[in-house]
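Can you build the whole structure from these sequences, using the hints too?
So the protein sequences, as listed, match chains A and B.
Heads up, the first sequence is in this note's numbering, so the first residue is 132 and it goes up one at a time.
Heads up, the second sequence is in this note's numbering, so the first residue is 510 and it goes up one at a time.
Heads up, some of the hints might be wrong.
[Claimed, not checked] Computed spacing ranges between beta-carbons, pair by pair:
#1 Gln706(B) x His300(A): 28 to 34 Å
#2 Gly611(B) x Glu230(A): 36 to 42 Å
#3 Ser712(B) x Thr375(A): 41 to 47 Å
#4 Ser712(B) x His300(A): 49 to 55 Å
#5 Val201(A) x Lys681(B): 52 to 58 Å
#6 Ser629(B) x Thr375(A): 57 to 63 Å
#7 Pro286(A) x Val646(B): 18 to 24 Å
#8 Ser584(B) x Val218(A): 21 to 27 Å
#9 Gly611(B) x His300(A): 28 to 34 Å
#10 Val218(A) x Asp645(B): 20 to 26 Å
#11 Ser771(B) x Thr226(A): 20 to 26 Å
Calculated from the structure, these hints are not laboratory results.
In this text, a Cβ means the ideal position worked out from N, Cα and C, and glycines have one as well.
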Amino acid sequence: MAMTTRQRAKLSRGIQYAVLVVVLIALVFLADWNVLYQRVFNPEVALNQFPGIITVALKNTLIYTVLGFVVGLTLGVVLALMKLSSVAPYRWIATLYIEFFRGVPALLVFLALGYGIPLAFGFRFNHYVTVMIALGVVAAAYIAESLRAGLQAVPPGQYEAARSLGMSHTRAMVTIVIPQALRIVLPPLTNEVILLTKDSSLVYLLGMGVQQYELTKFGREGISDAGAGLTPLVVAGICYLIITVPLGLLSRHFETKTDRVKKS
Amino acid sequence: MSTSAASPDPASSHPSASPGADPARGSQRDAASGPGRSAAPSPGASRVSSDDAAAASDRGRSGSAAVHVRDLHKSYGDLEVLRGIDLDVAKGEVVCLIGPSGSGKSTLLRCLNLLESPQSGTISVGGFTVTDPDLDVDAMRRRVGMVFQQFNLFPHLSVLENCTVSQVKVLKRSKDEAKRIALANLERVGLEAKAGQRPTQLSGGQQQRVAIARALSMDPDLMLFDEPTSALDPETVGDVLAIMRQLADDGMTMLVVTHEMSFARDVADRVVFMDGGVVVEQGPAREVIGSPQHERTRTFLSRVLNPTTVDTPE
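What follows is the structure in structure tokens.
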């Protein structure tokens, strides 16, 4: 049977829709909706999560994220400048750091700080300091790479023009190059905050008091209750989405804004 | 073209190299240069005696030279871009650098304010010995305005802020004074109405005029133009050239790398033709462009002035 390209495309699309419809119908008729309702999203259990899931868990997730981001950004700026330094050993150190912390799982860093160091040295950081360092040192590696790319994306003519007007190197960087680099870097930096929000769930591993629970730990404790089913984890998941989805939209917004500036 | 491949004639490529010659009139033809332009005294002149050892040893020149270049060499790796350049620009003089692409014109210009660092030779600009390792580079650059082919306006600042930022941050002028000076210079280029806009909202020609106003706001003694109209739409070229002509008439010392031969002929006091990293020929604008003495200059000019003419074998 000979078909034109257009006929073939039409047939292919028809098959794809058909498969979708079959799967949906199967789901509707085969799934035990009553059991799903009871065990996956039970409004009664969901309501029981409040207010703790907001006043403790969501709040702590935000605190851990912000702490990690502050350390990550500070260390990231230093690493980015080191990576662009004219002093070669600084570049080597920065490269080594970035490759190391991008290459090992964040989980490993949490284990090292939460258990490895106390066992090896008999010394334990305060809970918040542990979280801050563990999230920060990993985030710094990613942030440093974004910042370096942003600084290098500012056309060299901008720096030359600033220097030609008599500005010193530092003045040209602070007044002309870095403000433009920050604009370029906003979308990847926002994405980094999203990643940090999710990585803050690794705090789950550390021993802590009830008041220090974040969303994942809170959800984990919730499913231990008799008859709670999956609902506490679903609620925790929704809380993550409340943070990450707006950040994703924000990142997209920054991206289109930078594109517009670049095009004009 | 066999002529451009030939090694430069030493006598012609260093027309002003004779020892003791007043560099402003380094060759016979240069004697006619700079007519009627007042060599306005500038703040740079006072620095000549104290800072510039080369100038001190060469009395009689210090009052009139804005740019003094001797035996300048610059290479990128194995590629020798400048091969012994001598160049002089007197105060108030307008000099156009012309020549084919890759002849080293832009590199020479960028060496003058150290955007490129030369390998050897001496440069002095407005009393600063640019090639002195102890030079205060930023102090020198405050006296030298630069206009780029790609404008390089700061896109995150308004047109007005583009013209005030270095006045405030570098010259430490008050915000009000900087704004007054910036607006005066924007008016000079006919764009005071655009002060509040972003550079990206302007056309290429308008952006380049803002770039000129930005440079002028620093009160430079010397203006360097690096192919200021090469990136412009043809219909906006004229506006920029008109501003530059006005600037020349006002007595500004200007060194212009350009492909605009009519501008060079009508506005420049002197034209310097470069090819293969050396100065091949220089002299009063009308003479060099009207009746070039060197074969390479002739070939270049005939190609630029009659781009549609098919070359005939020589």
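**Asked** Does 20 to 26 Å hold as the CB distance between serine 771(B) and threonine 226(A), or does it fail?
**Response** violated (53 Å)
* Is the distance from the Cβ of valine 201(A) to the Cβ of lysine 681(B) consistent with 52 to 58 Å? -> violated (34 Å)
Take a look at whether the Cβ-Cβ distance between serine 712(B) and threonine 375(A) falls inside 41 to 47 Å. holds (42 Å)
Next on the checklist: Assuming the hint says 21 to 27 Å, is it satisfied by the Cβ distance from serine 584(B) to valine 218(A) or not?
Outcome noted: Given a distance of about 25 Å, which is inside 21 to 27 Å, the answer is holds.
Supplied distance hint 18 to 24 Å, evaluated on CB atoms of proline 286(A) and valine 646(B):
At roughly 21 Å between Cβ atoms, valine 646(B) and proline 286(A) fall inside 18 to 24 Å, so the hint holds.
Serine 712(B) paired with histidine 300(A), Cβ distance criterion 49 to 55 Å:
This hint is violated: roughly 32 Å between Cβ atoms.
Check your understanding: How does the Cβ-Cβ distance of valine 218(A) and aspartate 645(B) compare with 20 to 26 Å: does it lie in that range?
Key -> Since valine 218(A) and aspartate 645(B) have Cβ atoms about 23 Å apart, the given range 20 to 26 Å holds.
Determine whether the Cβ-Cβ distance between glycine 611(B) and glutamate 230(A) falls within the hinted range of 36 to 42 Å.
holds (40 Å)
Discussion item. Assuming the hint says 57 to 63 Å, is it satisfied by the Cβ distance from serine 629(B) to threonine 375(A) or not?
Written reply: holds (59 Å)
- Task: Evaluate the given range 28 to 34 Å for the C-beta pair formed by glutamine 706(B) and histidine 300(A).
- Result: For glutamine 706(B) and histidine 300(A) the Cβ distance comes to about 29 Å; the hint holds.
Taking the beta carbons of glycine 611(B) and histidine 300(A), is their distance inside 28 to 34 Å? holds (30 Å)
Comparing the model with each numbered hint stated earlier shows that hints 4, 5 and 11 do not hold.
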